[in-house]
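The residues making up each chain are set out below.
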Amino acid sequence: MLKHSKSGPLKVALLAISPHNRAILEFFFSGAGRNLFRVVAEAEADAFILDFDHPDAKDDWQKREALHKPGVVLSVHQAELPNCIWIPKPLTSRALTDAVDRVYELMASREVTHAPAVQRPVISPTVVELEPPLVKHAEAHFRDLAQPFGVPARTERSAKTLRSLVISLPDEDEVDEAVVPHKASPEPVVPTEVFDPAEADIPLEEIDRPVASVVSQEEAERRWKALCGEQDDVQTVAEVALFTPENYLLASVLEAGRMARDTQQTVYLTLAPQEFVLLMPKQGLAYSTIDTLSEEFRALCNNPVQTGQFALHIPSATELEQLEKQAEGDADALLDLEAFVWVSSLLTARGRLGRGVDIAQKVSLKYWPNLTRLESFPHAMRIAALWNQRPASALDIAKALDIPQRYVFAFHTAANALNLFEMDQNKLKSREKEMPKQENRGFFSRLLKRLLGGGTK
Amino acid sequence: MSMINRKIIFTGPVGAGKTTAIAAISDIKPIATDEYASDMTKSRKPQTTVAMDYGLIRLSDNERVHLYGTPGQERFDFMWDILTKGGIGLILLLDNTRKDPFQDIRFYTNAFRDFIEKQQMVVGVTRMDLQRRPGLPEYRQYLESLSLQAPVFEVDARSHKDITMLLQALLFSLDPGVIN
Ligand SMILES: Nc1nc2c(ncn2[C@@H]2O[C@H](COP(=O)(O)OP(=O)(O)OP(=O)(O)O)[C@@H](O)[C@H]2O)c(=O)[nH]1
Ligand SMILES: [Mg+2]
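Which chain is which? The protein sequence lines are F and C, in order.
Using the numbering used here, you'd call the opening residue of the first sequence number 1 and step up by one each time.
Using the numbering used here, you'd call the opening residue of the second sequence number 1 and step up by one each time.
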């Protein structure tokens with residue numbers, strides 16, 4: 001990644017520089033750039049680095065111009081100053097690496113006109129070749145520190161010690177001898193302490209986060225039954241409970257959804273006299289005058305329909321203006337467009353599969369549903385993850401995860417209504433991912449429990 | 001008893017909600033870049049400089065999850081190489097009100113490409129309460145056009161529940177067999 005400089009570390013002194021940029025440079029100097037730059041006292045420096053966006057920078061530079069030492073100017077806007085090279089922000093490791101050569105070039109060009117000549121340190125080419133890539137170097141460096149993650153005692157802090165937060169977690173398992181830096185050459189003084197903030201003497205204030213639970217377990221379970229049904233598992237494909245979408249409101253919702261998507265216009269769907277839903281594709285929102293959490297909406301989804309019960313149309317401009325005004329004034333009734341289709345599907349299917357679905361067919365989840373804004377039910381996240389990982393039938397998924405089939409059927413119907421599956425059998429194979437590593441399973445489970453518990457440990 | 005440390009990296013453009021998201025799930029009050037930096041500019045006194053955000057979840061006495069937020073203001077590609085070492089996954093936060101969030105996707109997924117390939121990324125789109133477009137379908141398609149497969153959720157970085165969901169998606173994506 002980083003190319004090697006042909007020369008030894010460039011001795012630099014930092015002038016006016018913001019703490020933020022100082023931290024970045026220190027990080028670079030102590031890691032990938034440690035063979036390129038060495039921070040030294042001003043008198044010893046071959047060059048200065050200054051942050052031209054810093055208010056003191058111009059002053060600092062003017063005072064040193066007479067020294068005829070090159071400057072490395074960091075700034076957002078191009079800066080053209082005599083005897084300086086400019087590095088634009090944002091800083092990159094490449095630009096910093098290149099800067100070394102450019103500074104040496106500057107010094108060399110001055111040698112011609114000014115005496116005495118600057119001694120340019122040279123590392124023999126063989127040594128350069130032997131050296132591992134710089135990033136490896138940096139990693140080895142972190143491993144080699146006597147106290148990589150503890151802050152050295154206060155007495156060890158000298159005035160020239162610069163501090164920055166640099167983190168590299170211990171990985172005892174892989175100490176690669178090949179990347180340990182050459183011990184023969186004296187270690188450059190790296191003016192950076194490396195520590196883990198968790199162990200640092202920065203006050204780490206504990207947060208007390210109360211467990212937030214709005215609905216009771218009982219309420220939640222009642223809702224899951226409404227969304228996913230209560231059927232027991234079946235043994236064969238023939239026993240899977242089916243429903244006919246055409247007999248329900250769902251068919252109209254899906255049609256309205258399609259129309260909205262294709263035309264990118266708001267679609268009006270009548271739910272009952274005076275009641276309606278607006279599907280607004282541009283905003284990705286739905287406005288339903290009947291609360292999707294209500295018993296009324298549940299019944300509406302569950303009951304078979306009479307023909308013509310749910311008319312839909314694209315409102316005229318004037319009608320739309322009126323409707324949008326109504327929706328704006330009733331923000332609580334707005335929900336994510338996909339969330340509306342999702343919940344309508346679930347309430348209709350109640351853990352059954354739509355007639356016409358090939359139950360044994362393997363499919364794969366192409367896109368994850370937006371689970372933060374959709375009504376959730378048990379195992380939805382795991383089902384999504386596994387189905388995203390490999391093509392499988394609904395029965396395969398239930399078996400692999402060892403969960404009740406009705407949750408998988410529910411997911412299938414709802415995700416299908418949102419067109420989230422890859423059905424094309426030719427494309428399935430390429431979507432298959434590697435089998436997951438299970439090495440972290442215990443750790444992940446504990447983290448999940450902790451996250452779902454919500455509160456402090 | 002050996003210590004088990006894992007890292008989760010939060011990245012994304014300026015103001016996308018990295019600091020806020022870490023704060024939403026950390027056990028400790030996160031150390032934020034901004035605070036320390038601005039403090040120091042005022043006083044110009046040398047003190048600890050923080051080049052990134054840091055939060056922590058302590059699972060037990062010997063198990064920790066470290067949460068790192070990359071600074072949003074500059075490109076720190078050299079930092080990222082080291083930062084991601086030992087990381088289990090990347091949370092990419094995008095600000096939906098930015099001029100071109102898709103360009104942000106390109107930039108960050110490119111910068112972390114090797115890591116994403118080896119581990120897993122999840123994407124959270126913030127500030128959708130302020131601006132609805134682009135919507136999630138566009139994000140999904142854009143990621144697909146880059147041959148990236150990742151969960152994409154609308155999130156509010158201030159919401160513990162939303163950020164928890166991103167982490168769940170990350171963990172289940174890494175191993176759907178995890179039991180909760
Ligand atoms: N309205 C709204 N505000 C949000 C949302 N997510 C985060 N914010 C706010 O956005 C602001 C910026 O969030 P930060 O966490 O500071 O962003 P950051 O990514 O750390 O930014 P940098 O450190 O500058 O890179 C904060 O005031 C958050 O409260 C959201 O979904 N909606
Ligand atoms: Mg921040």
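Be a bit skeptical, because a hint or two may be false.
[Unchecked claim] Capping the alpha-carbon separation at 30 Å, the derived lysine-lysine pairs in BS3-like fashion look like this: (1) Lys325(F) to Lys366(F); (2) Lys449(F) to Lys118(C); (3) Lys399(F) to Lys118(C); (4) Lys118(C) to Lys325(F); (5) Lys437(F) to Lys399(F); (6) Lys89(F) to Lys161(C); (7) Lys225(F) to Lys89(F); (8) Lys11(F) to Lys7(C); (9) Lys99(C) to Lys433(F); (10) Lys433(F) to Lys118(C); (11) Lys225(F) to Lys437(F); (12) Lys99(C) to Lys449(F); (13) Lys7(C) to Lys282(F); (14) Lys433(F) to Lys7(C); (15) Lys225(F) to Lys161(C).
[To be verified] Label-pair restraints from in silico Cβ distances: (16) Gln131(C) to Gln265(F): 41 to 49 Å; (17) Ser60(C) to Pro315(F): 52 to 60 Å; (18) Asp114(C) to Gln306(F): 56 to 64 Å; (19) Asp114(C) to Gln264(F): 32 to 40 Å; (20) Lys99(C) to Gln264(F): 15 to 23 Å; (21) Glu138(C) to Gln425(F): 20 to 28 Å; (22) Gln131(C) to Asp262(F): 35 to 43 Å; (23) Glu65(F) to Lys99(C): 53 to 61 Å; (24) Gln425(F) to Gln131(C): 36 to 44 Å; (25) Lys427(F) to Asp114(C): 45 to 53 Å; (26) Ile359(F) to Asp129(C): 33 to 41 Å; (27) Asp98(F) to Ser2(C): 16 to 24 Å.
[What the hints assert, rightly or not] A short, non-exhaustive set of chain C residues, derived as facing chain F with CB atoms under 8 Å: (28) Ile4; (29) Gln103; (30) Leu130; (31) Leu136; (32) Leu146; (33) Ser147; (34) Val155; (35) Arg158; (36) Leu174.
Bear in mind the hints are in silico, worked out from the structure with no lab data behind them.
We treat Cβ as the ideally placed atom computed from N, Cα and C, and that holds for glycine.
So, going through the hints one by one against the coordinates:
no.: 1; hint: Lys325(F) to Lys366(F); result: violated (36 Å)
no.: 2; hint: Lys449(F) to Lys118(C); result: holds (25 Å)
no.: 3; hint: Lys399(F) to Lys118(C); result: holds (28 Å)
no.: 4; hint: Lys118(C) to Lys325(F); result: violated (49 Å)
no.: 5; hint: Lys437(F) to Lys399(F); result: holds (19 Å)
no.: 6; hint: Lys89(F) to Lys161(C); result: violated (36 Å)
no.: 7; hint: Lys225(F) to Lys89(F); result: violated (56 Å)
no.: 8; hint: Lys11(F) to Lys7(C); result: violated (34 Å)
no.: 9; hint: Lys99(C) to Lys433(F); result: violated (34 Å)
no.: 10; hint: Lys433(F) to Lys118(C); result: holds (12 Å)
no.: 11; hint: Lys225(F) to Lys437(F); result: violated (34 Å)
no.: 12; hint: Lys99(C) to Lys449(F); result: violated (38 Å)
no.: 13; hint: Lys7(C) to Lys282(F); result: violated (38 Å)
no.: 14; hint: Lys433(F) to Lys7(C); result: holds (23 Å)
no.: 15; hint: Lys225(F) to Lys161(C); result: holds (23 Å)
no.: 16; hint: Gln131(C) to Gln265(F): 41 to 49 Å; result: violated (20 Å)
no.: 17; hint: Ser60(C) to Pro315(F): 52 to 60 Å; result: holds (58 Å)
no.: 18; hint: Asp114(C) to Gln306(F): 56 to 64 Å; result: holds (59 Å)
no.: 19; hint: Asp114(C) to Gln264(F): 32 to 40 Å; result: holds (38 Å)
no.: 20; hint: Lys99(C) to Gln264(F): 15 to 23 Å; result: holds (22 Å)
no.: 21; hint: Glu138(C) to Gln425(F): 20 to 28 Å; result: holds (27 Å)
no.: 22; hint: Gln131(C) to Asp262(F): 35 to 43 Å; result: violated (24 Å)
no.: 23; hint: Glu65(F) to Lys99(C): 53 to 61 Å; result: violated (40 Å)
no.: 24; hint: Gln425(F) to Gln131(C): 36 to 44 Å; result: holds (39 Å)
no.: 25; hint: Lys427(F) to Asp114(C): 45 to 53 Å; result: violated (26 Å)
no.: 26; hint: Ile359(F) to Asp129(C): 33 to 41 Å; result: holds (40 Å)
no.: 27; hint: Asp98(F) to Ser2(C): 16 to 24 Å; result: violated (42 Å)
no.: 28; hint: Ile4; result: holds (6 Å)
no.: 29; hint: Gln103; result: violated (14 Å)
no.: 30; hint: Leu130; result: violated (12 Å)
no.: 31; hint: Leu136; result: holds (5 Å)
no.: 32; hint: Leu146; result: violated (14 Å)
no.: 33; hint: Ser147; result: violated (10 Å)
no.: 34; hint: Val155; result: holds (6 Å)
no.: 35; hint: Arg158; result: violated (13 Å)
no.: 36; hint: Leu174; result: holds (6 Å)
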